[in-house]
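Peer 1: These are the residues of each chain, in order.
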Amino acid sequence: MADSEASTANSNLALAREKRSSRNRDQLSLQSMIIPGILFILIFTFIPLYGVIIAFKDYNIVTGIQGIFSSEWVGLANFKEFISDINFWNMLRNTLGINLLGLCITFPVTILFALFLNELTFPRFKKLTQTITYLPHFISWSIFGGLIINILSPSNGVLNYLLVNFGILSEPIHFLAEKDYFWMLAVLTNLVKELGWGAILYLAAIASIDQEMYEAAYMDGASRFRRIWHITLPAITGTIVILLVFSISNILNSGFDQFFVLQNPLNIDASEVIDTYVYKVGLREFRMEYATAVGLMKTVIALFLLYLANFIAKKITGKGIF
Amino acid sequence: MVKDHSWPNRLFNMFNVFIMACLIVLTLYPFWYSVIGSFNDGLDYAKGGVYLWIRQFTWDNYSALFSDTALVKSFVVTLSRTVIGTVTHVLFTALFAYAFSRRNLKFKRLYSTLGLMSMYLSGGLIPYFILINALGLYNNFLVFIIPTLFSFWNVILFHSYFAELPEALIESAKIDGAGEYTIFFRIILSLSKPVIAAISLFTAVGHWNAYYDAMIFTQGDSLQTVQLYILKLIQSTEAALLLANMSGSLGAAQGSVTTTTLQLAAMVAASLPIVLVYPFVQKFFIKGMLIGSVKG
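Taken in sequence, the protein lines are chains A and B.
With full-length UniProt numbering applied, the first sequence corresponds to residues 1 to 322, in that order.
With full-length UniProt numbering applied, the second sequence corresponds to residues 1 to 296, in that order.
Since the hints were made in silico from the structure, they are not lab data.
Quick reminder that beta carbons are idealized off the backbone N, C-alpha and C, glycines included.
One or more of the hints may lead you astray.
To be verified - Residues from chain B shown here face chain A by an in silico Cβ test under 7 Å; the list is partial: (1) Thr27; (2) Leu131; (3) Gly179; (4) Leu201.
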């Protein structure tokens, strides 16, 4: 009796021990899946983060990664130089101007597009429209920009041909050489490229609205516009606020590719933005500490904008992202 | 859906269809415009007026383009980085995400904090450039693969999918003696085809369209990507140089290939893979986007 009890106790113990060791083995496996990813983050995110200190140093490219530590401190000299740079205000104006203009146009147009697309009553045509308008999002700016450069060409571009033949212009304009047109061109070409894709989250939000609400509103005699205004729009307000906050925080961040491709010496006054400037100063002129200072300033302003946008969104609608 | 046959409603429908049709034309026309241009004789094209249909058909632009070894090489580089980069990224990221989605993982909070920080923080271009140099990745094919191996954004996508899978599945595999790696490779991967498809597609498009890393981290033609090739073709006198170098080839001999038609042919050739595959895979893109929006 006592013997058998002892043996069950023993085997229970053995079972528990085995279970624990298998649990340990599993934990080891899991950790071995995680650690490479964490190492990746430490190397590719946190080391560059530390490297930001060269913005406050006199960094020499020849010194490589050791130079980050060994270079001499110069305080805020790089920042002071940037603010007194003759390009500074121009660049800040372009970056903020193009992106604010873009936000004011792209944001409402995308919402309108989603609303209109949702109202299409022919499912196949709706699907076709979606498929086609999503496509340019997946084409790179190097190609899409090339297409635009060709379309706008003064010698054989189709836009000038149409404008001249319909008597709107008396002679072709070299659109990309005129800095006055650049902002609008940047905004409109980006709109054509991203309109369809930008609507996708709104469409998802609209799809989750209860259809019975529309039926009921229709019974009560609400017109189509009233149904959109009183049912669809309120239902997607949350999505609108979140995307708006994200767009505002990204206002300094967007579109290196686009500007870089469409930029040329003739429109540079209107097309130089902070990102393209950092690239040129840092990697073509190799003034790395200066470029880092410019980039750091951009990040700080962007963080401030994110905070501000979120604060305002919360005040007005009660919704925010954090 | 509400069936409303009143006349303002019908008018609205007609107007809506009209607007959407205009948008379709506006979106497709740039592509059409470059396709017809790329098949048109260069000198004839330069006279202007080729807007709707090919006026003088020719293959010369394409034969001139593909006689350039730099372009052919760039296609090889782009294709290899797309295939290798996508497979390694998806495996590496999914493995992390699987472990991350297991409830008994220790230090999970720490890992998720680090991951979230990596999504929003960045040292900027220059410190990153110095790092890549220090790692010996400059002008090395691995610069296309290693820095893109992992993304916490995609971990979140995978995670929200894995979290939906029944826990009992993993438990019963454990009772049968399967370790975590066996479970991941044998069970999880085969159950996650939709999310793998979506993330693979996003990653593959990213690799196919990439030019920036090739532009700043490589030198010369040997590691140039297709998009970088096109960028150079558009931005500089590269196309003119190319034409001058090909005196022996068909197009140049006849003088019928111009920089413009050459550019158009290059853009068509480089976007063709995406345009061809796109209709079949777009539902995966949308699915992937929506997985991200719900929980991301």
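Peer 1: Hey, does the B:Gly179 contact hint survive, CB to chain A under 7 Å?
Peer 2: It holds, given that the least Cβ distance between B:Gly179 and chain A is near 6 Å, below 7 Å.
Peer 1: Next item in the hint list is B:Leu131. Is there a CB on chain A closer than 7 Å to its CB?
Peer 2: Result: holds, 5 Å to nearest chain A Cβ.
Peer 1: Min Cβ distance, B:Leu201 to chain A: is it shorter than 7 Å?
Peer 2: At about 9 Å, which exceeds the 7 Å cut-off, the nearest Cβ of chain A leaves the hint on B:Leu201 violated.
Peer 1: Interface hint check: B:Thr27, Cβ to nearest Cβ on chain A, cutoff 7 Å. Holds or violated?
Peer 2: 5 Å, holds
Comparing the model with each earlier hint shows a violation of hint 4 alone; every other hint is respected.
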